[in-house]
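Go ahead and model the full structure; you've got the sequences and the hints to work with.
From first to last, the protein sequence lines are chains A and B. Residues in the first sequence are numbered from 0 upward in steps of one, following numbering that gives the first Met the number 0. Residues in the second sequence are numbered from 0 upward in steps of one, following numbering that gives the first Met the number 0.
Be aware that one or more of the hints could be misleading.
Cβ pair distances, simulated, as ranges [said to hold, decoys possible]:
#1 Arg149/B to Glu77/A: 39 to 45 Å
#2 Glu9/B to Glu39/A: 17 to 23 Å
#3 Pro123/A to Pro148/B: 33 to 39 Å
#4 Asp294/B to Phe46/A: 50 to 56 Å
#5 Arg45/A to Gly296/B: 57 to 63 Å
#6 Pro148/B to Gln133/A: 20 to 26 Å
#7 Glu270/A to Glu176/B: 56 to 62 Å
#8 Arg110/A to Glu9/B: 26 to 32 Å
#9 Arg354/A to Arg278/B: 40 to 46 Å
#10 Glu77/A to Ala199/B: 49 to 55 Å
#11 Phe46/A to Glu275/B: 47 to 53 Å
#12 Asp209/A to Ala66/B: 31 to 37 Å
#13 Asp268/B to Ala64/A: 55 to 61 Å
#14 Asp268/B to Phe46/A: 27 to 33 Å
Incomplete in silico selection of chain A near chain B, CB under 7 Å [said to hold, decoys possible]:
#15 His61
#16 Ile255
#17 Ala261
Derived from the structure by calculation, the hints contain no laboratory data. In this text the structure is predicted, and so the values were computed from the model without any measurement. Ideal Cβ positions, reconstructed from N, Cα and C, are used throughout, including at glycine.
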Amino acid sequence: MTTPASTVERGLAARARACDAASDEGLLDHPYPLDATAAEEVNPPRFIREAAKAALDRGETHYTARHGIAPLRTKLAERATRDGFPVGPEETIVTNGAAEALYVVLQTALRPGDTVFLVGPVSPQVVALATFLQLRVERLRLDQAERFPTGWDSSAGLLLVAAPSAVTGQMPAAPQLRALIDRALDAGATVVVDRSRAWCLYRDAGYGFDPSLGGRCITIGSFSTAFSMPGWRVGYVTAPGHQVSAPLELKQAMSICTSPIAQFAALAALEGADVWLAERRSFFAARRDALLRAGVPLAPADAWPAQLIDARPFGDDDIALAAQAAEARNVRVEPATRYGAELRGYLRIDLRAPRQALDAVAEFFGALAT
Amino acid sequence: MTVNIFELMELAKAKPNAISLGLGDPDFATPEHIVAAAKAAIDDGRTGPVEPTGLLELRQAIGRKLARDNGVLVDPQSEVLVTTGGQEALFLLVQALIEPGDEIIVPDPRYTSYDDAILLAGGRMVLAPTDEAHAFELDPDEVEARITPRTKLLLLISPNNPTGGINRPETVRRLAEIAQERDLIVIADEIYEKFVYDGAQHLSIGSLPGMRERTITLNGMSKTYAMTGWRIGYLAAPAGFIRAAASLKQMVNIQAPTVSQWASVAALDGPQDCVEEMRRAYATRRAYLMEALSDLGFSFGTPWGGLYIWANVSSCGIDAVELSYRLLQEEDVLILPGVGFGERWKDYVRITLLQPLEQLELVVERLGRVVERYAVRK
Numbered sequence: 000m001t002t003p004a005s006t007v008e009r010g011l012a013a014r015a016r017a018c019d020a021a022s023d024e025g026l027l028d029h030p031y032p033l034d035a036t037a038a039e040e041v042n043p044p045r046f047i048r049e050a051a052k053a054a055l056d057r058g059e060t061h062y063t064a065r066h067g068i069a070p071l072r073t074k075l076a077e078r079a080t081r082d083g084f085p086v087g088p089e090e091t092i093v094t095n096g097a098a099e100a101l102y103v104v105l106q107t108a109l110r111p112g113d114t115v116f117l118v119g120p121v122s123p124q125v126v127a128l129a130t131f132l133q134l135r136v137e138r139l140r141l142d143q144a145e146r147f148p149t150g151w152d153s154s155a156g157l158l159l160v161a162a163p164s165a166v167t168g169q170m171p172a173a174p175q176l177r178a179l180i181d182r183a184l185d186a187g188a189t190v191v192v193d194r195s196r197a198w199c200l201y202r203d204a205g206y207g208f209d210p211s212l213g214g215r216c217i218t219i220g221s222f223s224t225a226f227s228m229p230g231w232r233v234g235y236v237t238a239p240g241h242q243v244s245a246p247l248e249l250k251q252a253m254s255i256c257t258s259p260i261a262q263f264a265a266l267a268a269l270e271g272a273d274v275w276l277a278e279r280r281s282f283f284a285a286r287r288d289a290l291l292r293a294g295v296p297l298a299p300a301d302a303w304p305a306q307l308i309d310a311r312p313f314g315d316d317d318i319a320l321a322a323q324a325a326e327a328r329n330v331r332v333e334p335a336t337r338y339g340a341e342l343r344g345y346l347r348i349d350l351r352a353p354r355q356a357l358d359a360v361a362e363f364f365g366a367l368a369t
Numbered sequence: 000m001t002v003n004i005f006e007l008m009e010l011a012k013a014k015p016n017a018i019s020l021g022l023g024d025p026d027f028a029t030p031e032h033i034v035a036a037a038k039a040a041i042d043d044g045r046t047g048p049v050e051p052t053g054l055l056e057l058r059q060a061i062g063r064k065l066a067r068d069n070g071v072l073v074d075p076q077s078e079v080l081v082t083t084g085g086q087e088a089l090f091l092l093v094q095a096l097i098e099p100g101d102e103i104i105v106p107d108p109r110y111t112s113y114d115d116a117i118l119l120a121g122g123r124m125v126l127a128p129t130d131e132a133h134a135f136e137l138d139p140d141e142v143e144a145r146i147t148p149r150t151k152l153l154l155l156i157s158p159n160n161p162t163g164g165i166n167r168p169e170t171v172r173r174l175a176e177i178a179q180e181r182d183l184i185v186i187a188d189e190i191y192e193k194f195v196y197d198g199a200q201h202l203s204i205g206s207l208p209g210m211r212e213r214t215i216t217l218n219g220m221s222k223t224y225a226m227t228g229w230r231i232g233y234l235a236a237p238a239g240f241i242r243a244a245a246s247l248k249q250m251v252n253i254q255a256p257t258v259s260q261w262a263s264v265a266a267l268d269g270p271q272d273c274v275e276e277m278r279r280a281y282a283t284r285r286a287y288l289m290e291a292l293s294d295l296g297f298s299f300g301t302p303w304g305g306l307y308i309w310a311n312v313s314s315c316g317i318d319a320v321e322l323s324y325r326l327l328q329e330e331d332v333l334i335l336p337g338v339g340f341g342e343r344w345k346d347y348v349r350i351t352l353l354q355p356l357e358q359l360e361l362v363v364e365r366l367g368r369v370v371e372r373y374a375v376r377k
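Given below as structure tokens:
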């Protein structure tokens, strides 16, 4: 008879073991006394919570349509269309957060051995997911459109670009983004635009994507950051008609549907978005400006809450600098090379962090400057 | 007339007001104390992110439930994973355990939504037949005959969807012996455990000596507490399995919804009378349908558990897909034909117990009319 340890060892698939090892960092992370990288818990606004309770009062506690409740899909499709990604409600899938959206798209668009092109710095979780799916990962800069050869098998590659980036808060430059997507689509690659931070732009000047390209792209997104709803697990996929059924089927096989309580909360979020998002923009802009006034060398950002600090004047070893911040001020900042080698010399903070943690960052850079 | 299941599903979309005996979605409202707990969580601001493995309070409640109801002992810190519904629980497990070419023994007929997860992982489903004459109980000899060097997993679903068959305690004990002798990992899907009838008993295989280290118990809130929309399932298993499934969980959707997790704590720790009330209602409906369907000439293995009757309609001489299609088109009643649960089940339909008795009476009346209209009695 086998021992328990050998049963488990024999039981796990190789790719699960690899994924398990890769996830150690996230799972075993210990908090610092002050953490400038983690969001202070904020509840969604009252109108969203009340909508969730109203859904409970109506008995909205059973399965919904697999692709989500119709009014939410309609609102999401209208917004995507307005921003240059023309789709209808039937081409919209409500998911359990953006992570599920990305998973169902990658899993169904690509096969093991295919290539996912990641533009700019990305979360290690995205790389871990690609590794689990046995994909080849290629990192691209925005100006590397020539990396896409023409005449590809359409299932062989996928370009993933975040606009704006959840890592840097920066929007890709429009002309370069257009050139890259145009080239990728012409080459036969699937293009996925991650719009999880699109609600978080500081300037409410519209998204302005070219519909002739946007209509050929898949988008994914999330309510978590913009509406303080990470625990509610609502995201979405929009996709051109011929690309929507495969991710929908996988989503159905995996989690059936998204909680209707959360879906009605998300619907309320969309209906009341303007006032709430204006408040959030002001709040984070004020925090950003306070750090700048205190002498923290912030990199330009188009969206909250991720914020890079350009620490290169103090040396390009961001890992050593982060350790120095922990030592000197008991505050955690992230070495940005965690997200990509191109961010060497940058540190990363989250403007949702506790005020004391951001103050400690300001004090640290104040001391460095003197 | 020749129709297929896809045409039936298309027709179902066009008839949203039909009486549905299709989905496995309880018609009862989620009990009030559970809804109240969700509202309290929202009011108190307990809606933020939690660990990918799930809210500790919920994992502890699951640990207590498994010890109390099932005799399955687990450490909530390391041996429980909260998932976004029971279906995701199986999905994660299969992705974590199956290597391409690995075999998993699955009772036939089966809940075919599990097929996608198995095939996606490159696994090979090996079907272990069950039959009407034995009330669709899994036969340990049939299982044993299908074990090969590539067999890694044995999936037990008891009570079963779609058949309502259960594995009696003596059968479970024999299956446990086989699993130990042949070094199999057992996934025990116990999502319908609370709904057994006429004195039938549910035994959790994970409670048996020597099985703790090779059993993954899968369960959830959806059926027991009429909480399908809340999307909470769970796995209880040795820590290594949980750790692997949790890593995947974190990648594919981070965590189960927080409000639903607090509601689930109330469900597991709160009064259980609501479950017995639902069970009694299902038992009444089941008794009614068994008699009425027999009167129509349908046969079935006794459904000792679950929420379905798996009825053989071949005595009418109508193909089960056609019968389902006619019933929906002409009488606005949705039932699912057996081919949706495995290719060889063309004579069967799945009828749920998930409508009030008066609705079921209407269903039987309408079903009777279709049979009368089209039957070619054998």
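Verification of the hints:
1. Arg149/B to Glu77/A: 39 to 45 Å: violated (50 Å)
2. Glu9/B to Glu39/A: 17 to 23 Å: About 49 Å separates the Cβ atoms of Glu9/B and Glu39/A, which means 17 to 23 Å is violated.
3. Pro123/A to Pro148/B: 33 to 39 Å: holds (37 Å)
4. Asp294/B to Phe46/A: 50 to 56 Å: Hint holds: Cβ distance 54 Å, inside 50 to 56 Å.
5. Arg45/A to Gly296/B: 57 to 63 Å: Since Arg45/A and Gly296/B have Cβ atoms about 59 Å apart, the given range 57 to 63 Å holds.
6. Pro148/B to Gln133/A: 20 to 26 Å: holds (24 Å)
7. Glu270/A to Glu176/B: 56 to 62 Å: holds (59 Å)
8. Arg110/A to Glu9/B: 26 to 32 Å: holds (30 Å)
9. Arg354/A to Arg278/B: 40 to 46 Å: Given a distance of about 53 Å, which is not inside 40 to 46 Å, the answer is violated.
10. Glu77/A to Ala199/B: 49 to 55 Å: Between Glu77/A and Ala199/B, where Cβ atoms are some 52 Å apart, the hint holds.
11. Phe46/A to Glu275/B: 47 to 53 Å: Violated: the Cβ-Cβ distance is about 39 Å, outside 47 to 53 Å.
12. Asp209/A to Ala66/B: 31 to 37 Å: Violated: the Cβ-Cβ distance is about 59 Å, outside 31 to 37 Å.
13. Asp268/B to Ala64/A: 55 to 61 Å: Violated - the Cβ-Cβ distance for Asp268/B and Ala64/A, about 32 Å, lies outside 55 to 61 Å.
14. Asp268/B to Phe46/A: 27 to 33 Å: holds (31 Å)
15. His61: holds (5 Å)
16. Ile255: Holds, because the Cβ-Cβ distance from Ile255/A to chain B comes to roughly 6 Å (cut-off 7 Å).
17. Ala261: Constraint on Ala261/A satisfied, holds at 6 Å.
Figure legend: structure checked against the earlier numbered hints; hints not met, in rising order: 1, 2, 9, 11, 12 and 13.
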